[in-house]
Amino acid sequence: MITIRGLNIDLRDFHLRDVNLDVAENEFFILMGPTGAGKTVLLEAIAGLIPLMSGKIFIGEREITGLPPEKRGISIVYQDYALFPHLTVLENITYGLHFHRTDKTHIKKRLDRLLEVLNLFDLKQRFPVNLSGGEKQRVALARALMVEPKVLLLDEPLSALDPNFREEVRNALKGLHQSSTTTFLMVTHDFVEVLSLAGRAAVMNKGRIEQTGHVKEIFEKPVSPFVADFVGMKNLFEASFHETYAVVSGLKIEIGRIVDPSSRYLAVRPEDIIISREKFSSSMRNSYSGIITQINNQGFYYEIAVIVKNVSFKGLITKGALIELGLEEGIPVYVSFKASAVHVF
Amino acid sequence: MKREPFFWITVSCGIVIMAFILLPLIQMMSAPSAGMLKETIQDKDVVRSIWLSIYTAGLAALISFVLGTPLAYLLARSAFKGKRLVESIIDLPIAIPHPVVGIAILSVAGKNHWIGQILSELGIRIMGSVTGIVTVLTFVGIPFYLNAAKAGFEGISPRLEKVSRSLGASMSSTFFRITFPLAWRSMLIGIIMCCARAISEFGAVVIVAYHPMIAPVMIYERFEAYGLKYSQPVAVWLVSISLLLFLILRILTLENRKET
Amino acid sequence: MDNRKSILAIIFIFAFFMTGLLIYPQSGWTKEKQPSGKVIIFNAGSLTIPFAKMEKVFEARYPNVDIIQESAGSRKCARKITGLKKPCDIMASADYTVIDQLLIPTYADWNIRFATNRLVLCYTNTSNYAKEINAQNWYEILLKKDVVWGHADHNIDPCGYRSVMVLQLAEKYYKKPGLFKKLIANRPQENIRPKSVELISLLQTGNMDYAWEYRSVAVQHELKFVELPDRINLGNYKHDTFYKKAVVKVTGKKPGTFLNKKGKSCTYGITLLKNAPKTQAATAFLQYMLDAQGGLKILKDMGQPPFIPCRVPTAEMKARLPKALRDLVEVRE
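Residue numbers (the numbering used here), protein chains in the order written: chain X, 43 to 387; chain D, 404 to 663; chain G, 10 to 342.
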């Protein structure tokens, strides 16, 4: 549905360099990346709200590069909702109808359905100033979907909400996506949203797209140190590769398969690392003895840093396990992980 | 509750400023006798000149509103090379001495200038005419409108306009449905400021048009010819009527505040 | 350490102010024989340029004197003295009768007549019909609808009522009854300005085609002008009986009151005010101004024929003059 080729943008503080993207029809696609990566810029460029230096954008077969925003059929929902303060909820939602011609019965049906799905019936006559964050975001969604856009762009729609509202709106989003043919393209920081909503995603950094693909692939098989670090692969090391094993700072790590010798990095997800007091007898090919250097409380779990020779591994452990194993900083432990958990790139 | 010195300093400064403004005004307003005031307002020439002042100032404010709104909007929304220069130029009329403004406008309006020749051929007269007065008043008043309107537009998040466009509205529809309803109060304040500035203008107008006589020129003429006793009443009437008009305007906008 | 710095600062500021005081001479501090101090002159608009030159020459000769000039229509000058009680040493009027009528005897004792002038019709080479106008057809051109012409405000400036008198005399001289009314009908109120000199900038910017001014002013501003016959230009006292036939109504002391001004040849008068702040320096200026080689020569060079010597109407008035000025003046009606 969305095809972008060679997009370049030069705004005062923001730049996009040579962006290429393909999003299929009715996909729920997510854009990730650190602040300043250019995610919002890309969204606004697709919507036609900022000028491009070069590149082409297609919606379906139609090229929309030169079209003004009102002719693109693309709706946008912002992080701060951007509801029209001088109009009621109902007027906000039906705003777009002034500019689209559809018959009245169709409109009534669509309106009623949206109000019901998003639970907005009671709020029809209220003004935005009297709504909670969650209510405002639902109104913004209804407003955007009322005009039946081909593409819906969402710029971090949940990040301004209280955590208790987030799940509610997230579920609403999922429901709306599945019950329509609109293509959703969303920007977010939050991995929970990524994992629960998206099929495919892209990671951006400094105005470029670093990796595109299915969410699982990105999280397990990052193609660059940046992406690996971004998706939380805490055990990221430079390594030299020899047939079926790798060497990291003198430490030999079994990979169990032949890899491209020109690869430079390996990474292991922290949840794939098992920490034990005794040597773990199992099929895990990699098992090392080391000392705990740090125990960090991460809220719902603990992050344990263990130094093996010169290499520091980070693993995760629950509070219960921490107490049961009697782990403390400075004591010797064993660090184990499967060869197949080693990701090479 | 013991208040710290900072509080008292603030209050004192406030009192000093209020006194600074009010004392000369009260002196002026209370100087003429009721009889003098009655006699003055019955003078046809006085009524005519006060009406001319209000009417030309209102016209100048209206022109500023119509011509200035697009520029104010552009300055609020876009960044371009030389924007600061444009903004400085807009403020220039405030800094130029008033007689200089009058002389400059007269020079352009005379037959020795190509614009003056075009005007002459079109039958438009600037010297000694209402057209000339309105021209001068617009010149000195427009910066006040522009700055107020621009600030109003800047206070509206551009995202509202972006959403409106994405929903299918053109630039002009967005302006009339979203921007204007949210900014009209700032624009009204700009109009009031422009009007107030225009009503009080003297130095520039007196050079371009002595007759027809606006109220400030009449006040000065009476002062020079007959003294304080005959000029103060005209001033009192002008200030009172202007004050009344501005008050009404402000009350009308305050009423509407209740709905948001 | 801090105390020392504050003391140094105080000494520095004190020294700065003392130097400032010394640099700016204060009037009344020096008791020299040379004239010094401020001299305030109210002069008629048409005297602005010659008097500015006189000011330069006089201040060069007596550097401790500072001459301050305010120029306005002569009747307005008089009102500033009588009504607003503005401080003034010398008043020079374009019409000596203004001094006689409004200042003597309360504010002045005597009145020296020092120069004459005459009215001309000024224009520039961009004025409409500039190429055709002459002394015979001027009034026909002023009647044309596409000609913008004006004069000074007759209530404020003698040049104003004199211009109106010229028009009245023209009707009688050219024997064209109704001419005056028709001329005034073609001169809307917007074409009147408080000071005749303002009309010149209107001519120069092309906002006005023709303006009535004194010949001296036209010469000083390098304007073209039409010379009119002596019988109507108010320039020759021999024609005073004819001039008397022109009568113009001007405003009186209060709004709503009026006086009648009768035509008379343009004669300039000057006086020293009785309660003048600085009589010594002011008298010195008059001495210079009324000297045939001094001020009067400047007037002559600038196209304004002076009386040499200046005159007072009666011997009695001559006796009231300050001693220093008596020799410069003769008694003549």
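Worth flagging that the hints you see were computed from the coordinates, not collected in a lab.
Honestly, I wouldn't trust all of these hints.
Stated by the list, open to error - Label-pair ranges, simulated between beta-carbon atoms:
{"#": "1", "chain 1": "D", "residue 1": "V450", "chain 2": "G", "residue 2": "K254", "range": "49 to 59 Å"}
{"#": "2", "chain 1": "D", "residue 1": "W411", "chain 2": "X", "residue 2": "R250", "range": "24 to 34 Å"}
{"#": "3", "chain 1": "D", "residue 1": "A507", "chain 2": "G", "residue 2": "G312", "range": "41 to 51 Å"}
{"#": "4", "chain 1": "D", "residue 1": "A498", "chain 2": "G", "residue 2": "R240", "range": "47 to 57 Å"}
{"#": "5", "chain 1": "G", "residue 1": "A18", "chain 2": "D", "residue 2": "S603", "range": "39 to 49 Å"}
{"#": "6", "chain 1": "D", "residue 1": "S603", "chain 2": "G", "residue 2": "Q198", "range": "56 to 66 Å"}
Glycine is no exception: its CB is placed at the ideal position from the N, C-alpha and C atoms.
Comparing the hints with the structure gives:
Range check, D:V450 to G:K254: about 38 Å between beta-carbon atoms, so the 49 to 59 Å window is missed. Distance hint check: the CB atoms of D:W411 and X:R250 are about 60 Å apart, inconsistent with the given range 24 to 34 Å. One distance hint, 41 to 51 Å for the beta-carbon pair D:A507 and G:G312, is violated here, with the actual separation near 30 Å. At about 53 Å, the CB distance of D:A498 to G:R240 agrees with the hint of 47 to 57 Å.
Take G:A18 and D:S603: their Cβ atoms lie about 43 Å apart, and the range 39 to 49 Å holds. Distance hint for D:S603 and G:Q198: a CB-CB separation of about 24 Å, inconsistent with the stated range 56 to 66 Å.
Hint check: violations occur at hints 1, 2, 3 and 6; the rest are consistent with the structure.
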